[in-house]
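Knowing the structure of chain A, use the given hints to seat chains B and C on it.
Chains as they are written, first to last, in the working numbering: chain A, 1 to 630; chain B, 1001 to 1184; chain C, 2001 to 2102.
Check before you lean on any hint, since a few could be wrong.
Some chain B residues judged to face chain C by a derived CB distance under 7 Å, without partners named [as the list claims (entries may be wrong)]:
1. 1008
2. 1009
3. 1020
4. 1021
5. 1027
6. 1036
7. 1039
8. 1050
9. 1058
10. 1059
11. 1062
12. 1085
13. 1104
14. 1146
15. 1161
16. 1165
Here are a few chain C residues that face chain A, going by a calculated C-beta distance under 8 Å [as the list claims (entries may be wrong)]:
17. 2024
18. 2092
19. 2095
Treat the hints as calculated values from the structure; they're not laboratory data.
As the structure is a prediction and not an experimental result, all values here were calculated from the model.
Backbone N, C-alpha and C define an ideal beta-carbon position, used for all residues, glycine too.
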Amino acid sequence: MTVGAWICLLAPLAGAVAITAAGTRISRVTAAWISTGSVAVAFAGAIVAFVDMLGKNPQNRSHISSAWTWLQAGSFKVDLSVLVDPLSVFMMLVVSGVGMLIVLYSIGYMHGDEEERRYFAYMSLFVFSMLMLVEGGNLLLLLAGWGLVGLSSYLLIGFWHERPSAIRAAKKAFVMNAFGDATMALAFFVLIAHSNSLAFSTAFTTSGHLSSTAVNLVALGLLGGAAAKSAQIPLHTWLPDAMEGPTPVSALIHAATMVTAGVYLIARTHVIFEHARTIQLLAGGLGALTIVVAGLIALVQTDIKRVIAYSTMSQIGYMFLAVGIGTYANGMFHLMTHAFFKALLFMAAGVVIHALAGEQDIRNMRGIGALMPRTKWAFLAGSLALVGIPPFAGFFSKDSIIAAAMADGWEGWVFWVCALIGTFLTGLYTFRLYFLVFRGEPSPFVREHHHSDHGTEGPWTMMLPVGILTVLAVIGGWIQFAPFWTPITRWLAPVAPTLPSAEPHRWMELVASIAAVLLGLAGIGVAWLVYERRSLRVPRARSVQRLFEHKFYFDELYDSLFYKPAAALSEWTRRGFEEPVVLAGGTELGDDAQFIGRGVRRLQTGLIRTYALALAGGLAVLAVVFIAVK
Amino acid sequence: MIVAADAGNILTWIVWVGAAFACLASGVAVVTFRNPFYSALALIGNLGSLAVLYLLLSAEFVAAAQVLVYAGAVMVMFLFVIAYIGHRFETPWAGGPTWQTVGAVAAAAAIFIEVVVAVGLKAGGRLSHSEKVDRAFGSPAEIGRLFLTDHLLAFEITSIVLLVAAIGGVILGSHSRAAEEVSA
Amino acid sequence: MLGPGVSWYLGIAAFLFGIGALGVLLRRNPLIVLLSLEIMLNGSNLALIAFSRQHGNGDGQIFALAVMAVAASEVVVGLGLIVSLNRKRLALDVDKLSTLRG
Chain A
1 MTVGAWICLL
11 APLAGAVAIT
21 AAGTRISRVT
31 AAWISTGSVA
41 VAFAGAIVAF
51 VDMLGKNPQN
61 RSHISSAWTW
71 LQAGSFKVDL
81 SVLVDPLSVF
91 MMLVVSGVGM
101 LIVLYSIGYM
111 HGDEEERRYF
121 AYMSLFVFSM
131 LMLVEGGNLL
141 LLLAGWGLVG
151 LSSYLLIGFW
161 HERPSAIRAA
171 KKAFVMNAFG
181 DATMALAFFV
191 LIAHSNSLAF
201 STAFTTSGHL
211 SSTAVNLVAL
221 GLLGGAAAKS
231 AQIPLHTWLP
241 DAMEGPTPVS
251 ALIHAATMVT
261 AGVYLIARTH
271 VIFEHARTIQ
281 LLAGGLGALT
291 IVVAGLIALV
301 QTDIKRVIAY
311 STMSQIGYMF
321 LAVGIGTYAN
331 GMFHLMTHAF
341 FKALLFMAAG
351 VVIHALAGEQ
361 DIRNMRGIGA
371 LMPRTKWAFL
381 AGSLALVGIP
391 PFAGFFSKDS
401 IIAAAMADGW
411 EGWVFWVCAL
421 IGTFLTGLYT
431 FRLYFLVFRG
441 EPSPFVREHH
451 HSDHGTEGPW
461 TMMLPVGILT
471 VLAVIGGWIQ
481 FAPFWTPITR
491 WLAPVAPTLP
501 SAEPHRWMEL
511 VASIAAVLLG
521 LAGIGVAWLV
531 YERRSLRVPR
541 ARSVQRLFEH
551 KFYFDELYDS
561 LFYKPAAALS
571 EWTRRGFEEP
581 VVLAGGTELG
591 DDAQFIGRGV
601 RRLQTGLIRT
611 YALALAGGLA
621 VLAVVFIAVK
Chain B
1001 MIVAADAGNI
1011 LTWIVWVGAA
1021 FACLASGVAV
1031 VTFRNPFYSA
1041 LALIGNLGSL
1051 AVLYLLLSAE
1061 FVAAAQVLVY
1071 AGAVMVMFLF
1081 VIAYIGHRFE
1091 TPWAGGPTWQ
1101 TVGAVAAAAA
1111 IFIEVVVAVG
1121 LKAGGRLSHS
1131 EKVDRAFGSP
1141 AEIGRLFLTD
1151 HLLAFEITSI
1161 VLLVAAIGGV
1171 ILGSHSRAAE
1181 EVSA
Chain C
2001 MLGPGVSWYL
2011 GIAAFLFGIG
2021 ALGVLLRRNP
2031 LIVLLSLEIM
2041 LNGSNLALIA
2051 FSRQHGNGDG
2061 QIFALAVMAV
2071 AASEVVVGLG
2081 LIVSLNRKRL
2091 ALDVDKLSTL
2101 RG
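Extracted from the complex, chain A is given alone in its bound form (with noise of 0.2 Å):
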């Protein structure tokens, strides 16, 4: 058990090493196919671990394999080590399942460009990454592997580095996600100076012991974190800015893993949320509302990449809040259906702008459905799965943490209007973009611009793994259909057990279900009637469009409260402080300096006589001294 998962973490990284080490003196493909096939290994021991637990007892399933002491510091002490748990061995396999796909795919999407090693030793590095965020054994590799995914992140959001809006955007989605390592870093900080240690069963158990102003800052500070990671309100403007890295990265990191990593967080560390059951509120409550905001953004944007980054964000919302009321079993299942269908639709999203040789832009995207069969039905079917259609895989998972909404208490009721709207709006934009991309005659620009693959759609390298994805995004909800059989609850129950606050009554689970579907199917209604058929136009409000169009002005307020005052007091500081004291300080030195050495230079007569005089003054004055003191 323990040995596939070494495997699952260290293979990625070896792939990482051996791409950079080799440098030029392999061939761009060989880089390619060496991090594909290290990501495979990582899959392949995922599997072995996965086989391994599966033989095991559910109370025996939990083991920590330690390689040696990493840190020590008195009686402080990390060690370098990895948990093998229910919970870490479904992450892994999500994160090596759909990594290796997408590795694969990025090997035609990236073919042609200039620095593909560098490319792919990054993808390696990203999937070492978080897979050490997944498997660590304690907090501070949680916190290592949390920092080298958002490292991987802006070093891949920034990977055409000439472009300066992919610089700026990789800066952004940094900086954000540092402030979220700091809240995190703060909240370790408190567990430390209560417990001494780091580890998991440490940390949980004294946060049963914490006063609750302790449990809430290290509560709320994990929340921060999360929030930063997964692009939830108030930290995420940064996601959809990282849309200029290439479509591969979009895939896996910003869509099926690394963004998914605060809902890992919170469900890894529960425990303490749930002695902290303000803040855990608060992040359900957080998720509501990108649910709704993300929802409502996702109407109005016209660049393809842009639609699935705010259906990200907003499916990421329905994960919040499912472990913010406490049925952690169906956050992780809705991150692994998610992780099927979003990286789908960003691959197939993927292909049709390979196809038009990088063109983003919806509005002239119209009709290449006619072209490209089936990157067209690929895109439906995981629209259909995102929306939550019967038998797609999102109706499963999502209409779950509906029903477990309804079942919490006041709240809950809340957080389950905010559900059902984002099922509106689900459907609504998702099939805005499908029927605007997909349907309709080939616009000019599409005929002018499409070019075809050797007569395919694409490389069978990119078709091969939307091709599974696809099987995945239709069959891959059938594994939990609650309340009829819910494999994934018991397998992670032994770790993350589902409040029973959260346990919906069975008529909550049909209300939920009927609910949802009713208003998705209603939302493609909608979508068809506008953008179909067009026979409704779309409202004309300005003020709200304008509302819409400028994300709810989140990046104009984090501007005039962060970025300006920064901008203005570094400027005063120059101005008032480096340029007057210190370097004039420095000048003013040098003069001084010079001015002692122009007087002393005085001294030098030249004549001997003066030096003799100084010397039989200096011989009187110390007679005068001798005879004083003795």
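The following block gives chains B and C in isolation, referenced to the frame of chain A:
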């Protein structure tokens, strides 16, 4: 100061007064004469009177060495050089910045006073009492014995200093001859 | 001892030293400066001999002899310098020899 008025004592006093006066006068003369030749001659007189004083202090060997070495060799060398250089009147007697002159006088006076005061203070009443010495004190035998036993190191180092000075003199002399040949 | 006490000799020594110092500091002819230097050395020699007599210890005389040897060496070098100055037709005036001025 008031001692038994016997002939030896009075004679000693008379000789002392004469030698002291000659010493002081020749000292002032050395410093004040314009002509370096006269200054050198005054210095010879100074050395001679000092030799007399040394004799009064029972330092016979030192007195003899003073006359032979200092007055005999060193001053002859001085006179050689002065004669060689010739009479150059253009050098002013003194001058330069006023503060130099004032400072010089002040410093010299201060040193003189301080030496007197210091010695007077420190010595207390002990200066009036002198040890009795035997006839061997200050004799060549005694000096020789001291040089070769207690102060052997000083003896050797002094000889090295003399050697170095001789070498330096030769170098100084030869350098200028070479320079003169170049410039001529 | 016969004659004046040691303090009288010391007075002469101090006077000689002061006069010599005055000569060194005031005169501009390097030859005279050297001669004044000799006066100073002799003054200290006298003091040494006087103390040697007072303590009955021959060490002072040894020291005085060493001083004499050193004085002789220094005169050799100083006169060599003056002769060089003369050969270079430089002014024999210590105030004019100031190229080491800062």
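Output the indices of the hints that this structure fails to meet, ascending. As far as the earlier hints go, 4 and 18 are violated by this structure, in ascending order.
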